[in-house]
Amino acid sequence: MPWYSSAPGRRAGQVLVDLLVLAWCVLWVLVGRAVHDATIERFSPAERLVDTGRTINDGIDRADGQLGEIPMVGDHLGGVLDGLLGVGDPVSQTGQDLLESGESLAEMLWLVVSGGPMLTVLLLWLPLRVRFALRSRRTAEELRRVEDPEALLALRALSSLPVGTLAAIDPDPVAAWRRDDREVVARLARAQARDLGVRLPRG
Numbered sequence: 001m002p003w004y005s006s007a008p009g010r011r012a013g014q015v016l017v018d019l020l021v022l023a024w025c026v027l028w029v030l031v032g033r034a035v036h037d038a039t040i041e042r043f044s045p046a047e048r049l050v051d052t053g054r055t056i057n058d059g060i061d062r063a064d065g066q067l068g069e070i071p072m073v074g075d076h077l078g079g080v081l082d083g084l085l086g087v088g089d090p091v092s093q094t095g096q097d098l099l100e101s102g103e104s105l106a107e108m109l110w111l112v113v114s115g116g117p118m119l120t121v122l123l124l125w126l127p128l129r130v131r132f133a134l135r136s137r138r139t140a141e142e143l144r145r146v147e148d149p150e151a152l153l154a155l156r157a158l159s160s161l162p163v164g165t166l167a168a169i170d171p172d173p174v175a176a177w178r179r180d181d182r183e184v185v186a187r188l189a190r191a192q193a194r195d196l197g198v199r200l201p202r203g
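Heads up, the sequence shown is in our numbering, so the first residue is 1 and it goes up one at a time.
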């Protein structure tokens, strides 16, 4: 399927538009990434909650072990703090929950911020590109089947090209086509081929 016109000028324009669409999408991916990172940064204090909870648990565990090492009374004091083991878990869990919530929010914002502008442009650009490709392929197939592709393209030119374009080719292009003026027919065919983005079959 031909995605680009066979006419150099139009092909250059299509390539330029495609590159602009690509640049637009890349730009909004980067903007979305920046929003994602900024959101994650706003939730970074939650990491301190996770560390605080772990520090509390480690401190109690060490204190419990040290009590058990006290001479003579260690056997009685060892394990006295067992009831406090894990007291820092809720603090750590709160921090972890906040971090996970922040990550989910950041990913959602990335999708919304990037996806909206990208989708808007793609919905405008992609149908036009697909329609051009389908029309070019269909026209190329038809031209290969007919005996006089120039005459067919010239006839289409009479019904589709602007009046100013037709007048620039010949003051009365319809009459020229009817009398089979091959020079005018060829010029009409070339103009229509450029408009459709196809190449005339070589006889």
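If you're looking for bench data, these hints aren't it; they were derived computationally from the structure.
Bear in mind that the values here come from a model prediction, so they are computed numbers and not experimental data.
A virtual CB, placed ideally from N, CA and C, is assigned to each residue, including glycine.
Be aware that one or more of the hints could be misleading.
Between beta-carbon pairs, the in silico distance windows are [claimed, not checked]:
(1) 131 to 26: 23 to 29 Å
(2) 129 to 105: 32 to 38 Å
(3) 144 to 103: 53 to 59 Å
(4) 134 to 182: 49 to 55 Å
(5) 22 to 97: 36 to 42 Å
Consistency of the hints with the structure:
Between residue 131 and residue 26 the beta carbons are some 25 Å apart, a value that agrees with the proposed interval 23 to 29 Å. For the pair residue 129 and residue 105, the supplied restraint of 32 to 38 Å holds, since their beta-carbon distance comes to about 35 Å. Hint check: residue 144 to residue 103, Cβ distance near 56 Å, so the stated range 53 to 59 Å holds. Range check, residue 134 to residue 182: about 30 Å between beta-carbon atoms, so the 49 to 55 Å window is missed.
A hinted range of 36 to 42 Å for the beta carbons of residue 22 and residue 97 is consistent with their spacing of about 39 Å.
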